[in-house]
Structures are given as C-alpha cells and as structure tokens.
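Novice: Input sequences plus hints: build the corresponding full structure.
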Amino acid sequence: MSQVSGNLRHVLPPASSTTLKVVTFFAGGQRCAMEARQVRALRPLTDEDSGTYPAIGSLLGLPEQNKSCSQLQVLTISLSGSDVELSVAAPVELRELAFDLIHPLPDLVAARTRLRGLCALVMETDGLTLIFDLRNLFTDV
Amino acid sequence: MKQQEITLDQVLSQRREAIREIVNVDEPMAKLVIFELQGDWFAFQGEKIREILSQVDVFFVPGCPTSLEGVINVRGDIESVISLHELLQLPESVEISSSSYLLGSGVGMSSGIRVDKVVDVVDVLLSKIHKPPTTLPEHLRAIVFGILQFKEKTVTALDLDRIFADYSHGLG
Numbered sequence: 000m001s002q003v004s005g006n007l008r009h010v011l012p013p014a015s016s017t018t019l020k021v022v023t024f025f026a027g028g029q030r031c032a033m034e035a036r037q038v039r040a041l042r043p044l045t046d047e048d049s050g051t052y053p054a055i056g057s058l059l060g061l062p063e064q065n066k067s068c069s070q071l072q073v074l075t076i077s078l079s080g081s082d083v084e085l086s087v088a089a090p091v092e093l094r095e096l097a098f099d100l101i102h103p104l105p106d107l108v109a110a111r112t113r114l115r116g117l118c119a120l121v122m123e124t125d126g127l128t129l130i131f132d133l134r135n136l137f138t139d140v
Numbered sequence: 000m001k002q003q004e005i006t007l008d009q010v011l012s013q014r015r016e017a018i019r020e021i022v023n024v025d026e027p028m029a030k031l032v033i034f035e036l037q038g039d040w041f042a043f044q045g046e047k048i049r050e051i052l053s054q055v056d057v058f059f060v061p062g063c064p065t066s067l068e069g070v071i072n073v074r075g076d077i078e079s080v081i082s083l084h085e086l087l088q089l090p091e092s093v094e095i096s097s098s099s100y101l102l103g104s105g106v107g108m109s110s111g112i113r114v115d116k117v118v119d120v121v122d123v124l125l126s127k128i129h130k131p132p133t134t135l136p137e138h139l140r141a142i143v144f145g146i147l148q149f150k151e152k153t154v155t156a157l158d159l160d161r162i163f164a165d166y167s168h169g170l171g
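Protein chains in written order, with numbering that gives the first Met the number 0: chain A, 0 to 140; chain B, 0 to 171.
Honestly, the hints are just simulated from the structure, not real lab data. Please read all numbers here as calculations on a predicted model, not as lab measurements. Where a beta carbon is used, it is the ideal one built from N, C-alpha and C, also for glycine. Warning: the hint list may mix true and false statements.
[To be verified] FRET-style restraints, in silico, Cβ to Cβ:
| hint | chain 1 | residue 1 | chain 2 | residue 2 | range |
| --- | --- | --- | --- | --- | --- |
| 1 | B | P136 | A | G80 | 37 to 45 Å |
| 2 | B | I95 | A | T18 | 33 to 41 Å |
| 3 | B | E85 | A | E123 | 28 to 36 Å |
| 4 | A | P103 | B | D119 | 31 to 39 Å |
[Stated by the list, open to error] Partner residues aside, some chain A positions facing chain B, computed with beta carbon under 7 Å:
| hint | residue |
| --- | --- |
| 5 | Q29 |
| 6 | V73 |
| 7 | L93 |
| 8 | L96 |
| 9 | L100 |
| 10 | I101 |
| 11 | P105 |
| 12 | D106 |
| 13 | A110 |
| 14 | R111 |
| 15 | T112 |
| 16 | R113 |
| 17 | T124 |
Specialist: Here it is, written out as structure tokens:
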C-alpha cells in the first residue's frame with residue numbers, strides 16, 4: 000500500500016502537467032469556456048424548444064448573434080444542486096487546457112470588464128478564449 | 000610651443016568649480032520615460048516602467064471600455080493594454096501600427112500603456128521638475144505631478160499610481 004505524504008507537493012502533480020477540463024463554445028463571436036464539471040448535459044435544441052431557454056451569451060454580457068435553431072444546443076449546467084438550461088451556439092466541445100495556458104485576468108481588465116463571471120483568459124496562437132465562472136454568473140444575475 | 004600661463008587664482012577657481020560640479024551630480028535625480036501622444040510630450044517615473052515594447056499583437060477583450068484596448072502576451076504572462084488618450088482628453092491616434100507599449104507597475108497593478116512614440120529615457124535633476132501650474136486643466140490636476148522642459152518642449156510628468164488607481168475605479 001502506498002503511503003501518502005503529508006506534503007501536498009508529493010500529492011499534487013506538477014503544475015506543468017496539470018490540465019483543466021473545459022467546455023468551449025462561441026458567444027458574441029468570441030470563443031468562451033467554462034469548467035466542464037459545471038456542465039451536466041448537452042443536447043440539440045429542437046423546434047419545440049426554440050426560444051424557451053435563455054441564450055448564454057446574453058447572460059454573460061456578450062452581444063447576441065442570431066443563430067438558426069439547428070445551430071443551437073441546450074446546455075444543462077449544474078450549480079449548487081439545481082440545474083439551469085441555457086441555449087448555446089454549436090460547436091460546443093470538451094477540451095483539456097494546460098495549466099500554463101490559463102491566466103488570471105489582468106488587474107485593469109478585472110476592474111473594468113462588463114462581462115459577468117469572466118474570471119480567466121487563455122491565450123493561444125489562434126486567439127483568446129474567455130473563461131467564465133458560472134457560480135459568479137448566477138450570483139450576479 | 001609656448002605653454003599658456005595661468006595664475007594661482009585661476010587654478011584655484013577652476014579646481015573649486017570642478018568640486019562644485021561633482022557636488023551638483025549628487026543632487027537628487029529622477030529617471031523619466033518621456034513619450035509622445037498626439038504631438039504632446041508626457042513622462043512617467045522610470046521606476047514605474049518595467050519595459051518598453053514595440054510590435055506586439057494586442058488581443059481584443061470584449062466588454063471593456065474602448066480605452067482598454069485588449070491584452071498582450073509578455074513572455075507567457077498576460078498584461079492589459081490601455082490608451083491614455085481618453086483620460087488626457089486627446090484625440091485618438093489614427094496610426095497605431097507604429098505605437099510603442101510601456102509596461103507599467105503601480106499600486107499593486109500592472110498594465111501596458113500604448114503611446115505614439117517613446118522620445119527618450121533620461122535622468123533629470125529633481126529641481127528641474129516644477130510643480131504643475133494652477134492653470135492646469137481640471138482633468139489633469141489629479142494625475143500630473145510635475146512639469147519640465149526637455150529639448151525645448153514642455154513635458155508633463157504623470158503619476159502612474161494615480162492613473163492606475165483612478166482607471167480601475169472607472170476613470171477613462
């Protein structure tokens with residue numbers, strides 16, 4: 000049986016090998032992401048569903064973009080035991096982000112952003128991804 | 000060749016002058032980063048500017064005021080980029096491809112600041128930095144800590160701590 004050391008550094012993997020699972024989506028023309036552990040389900044939006052779910056972009060404070068029903072999906076988010084369903088534009092993907100790619104918001108962005116729940120940025124060669132903390136989002140709404 | 004003769008008085012006078020000059024060097028100095036915005040010259044204290052960058056890619060961040068132009072990657076760290084034009088009530092620069100970026104720190108915050116051009120980094124005597132005149136426009140009073148002359152131009156020295164603090168509270 001392996002012995003667990005009292006020193007956390009022996010238990011946690013090195014930061015460079017740590018990844019965060021996120022669900023990525025586009026809102027307001029911007030690539031966004033949220034922690035995958037906050038997402039419970041994803042399903043296509045049907046004609047019967049249309050208009051009954053709030054768009055995630057408008058909740059985040061991003062400009063709305065008209066998408067046809069076939070391009071929309073319903074994302075079920077689990078927060079504090081209750082589920083919230085939001086419409087989100089496809090493609091919605093599960094990704095693993097390397098620890099080193101995730102940056103806290105620069106001070107002035109944190110102070111001045113009007114986006115609700117924005118908590119981190121990922122800068123990759125093909126552009127920026129905004130990471131939202133949905134707990135903050137539903138506290139603010 | 001005949002050597003030029005000099006009197007003892009002249010020798011002592013020149014020696015005293017040389018000593019006086021050495022003493023003058025000890026006068027408190029300030030390092031200033033002087034930059035240009037719309038033809039006007041401004042300066043930040045040198046110790047507030049970590050680095051001067053050019054040719055950087057600025058990534059737009061939605062949901063921010065227009066003066067917060069986006070973020071840049073500085074060797075793996077992300078920094079915001081602000082423009083001071085609005086804060087200083089100057090017209091926005093048309094040509095930004097030739098801009099430079101000052102990486103500034105103050106009041107526990109850091110950010111890039113886009114300027115039209117970096118003029119110089121100089122050491123100036125503190126005594127050459129004068130208190131701002133009482134006629135200074137209202138919007139500059141809180142953020143200007145001094146005025147000086149450099150290369151026959153007036154340089155307005157700005158308080159970066161105050162700018163960051165005010166900016167984070169919604170100014171500009």
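Novice: Hint by hint, say whether it matches the structure.
Specialist: Verification of the supplied hints:
1. P136/B / G80/A: 37 to 45 Å: violated, 56 Å
2. I95/B / T18/A: 33 to 41 Å: Distance hint for I95/B, T18/A holds at roughly 36 Å.
3. E85/B / E123/A: 28 to 36 Å: holds, 30 Å
4. P103/A / D119/B: 31 to 39 Å: Holds, since P103/A and D119/B (Cβ atoms, about 34 Å apart) stay within the stated range.
5. Q29: holds, 6 Å
6. V73: violated, 24 Å
7. L93: With Cβ-Cβ at 24 Å, over 7 Å, it is violated.
8. L96: violated, 14 Å
9. L100: Violated - the Cβ of L100/A stays beyond 7 Å from chain B, reaching only about 10 Å at its closest.
10. I101: violated, 10 Å
11. P105: Holds - the Cβ of P105/A comes within 7 Å of chain B, reaching about 4 Å at its closest.
12. D106: This hint holds: D106/A lies near chain B, its Cβ roughly 4 Å from the closest one there, short of 7 Å.
13. A110: Hint on A110/A: holds, closest Cβ of chain B at ~4 Å, below 7 Å.
14. R111: Status holds, d = 6 Å.
15. T112: holds, 5 Å
16. R113: It holds, given that the least Cβ distance between R113/A and chain B is near 4 Å, below 7 Å.
17. T124: violated, 10 Å
Comparing the model with each earlier hint shows violations of hints 1, 6, 7, 8, 9, 10, 17; every other hint is respected.
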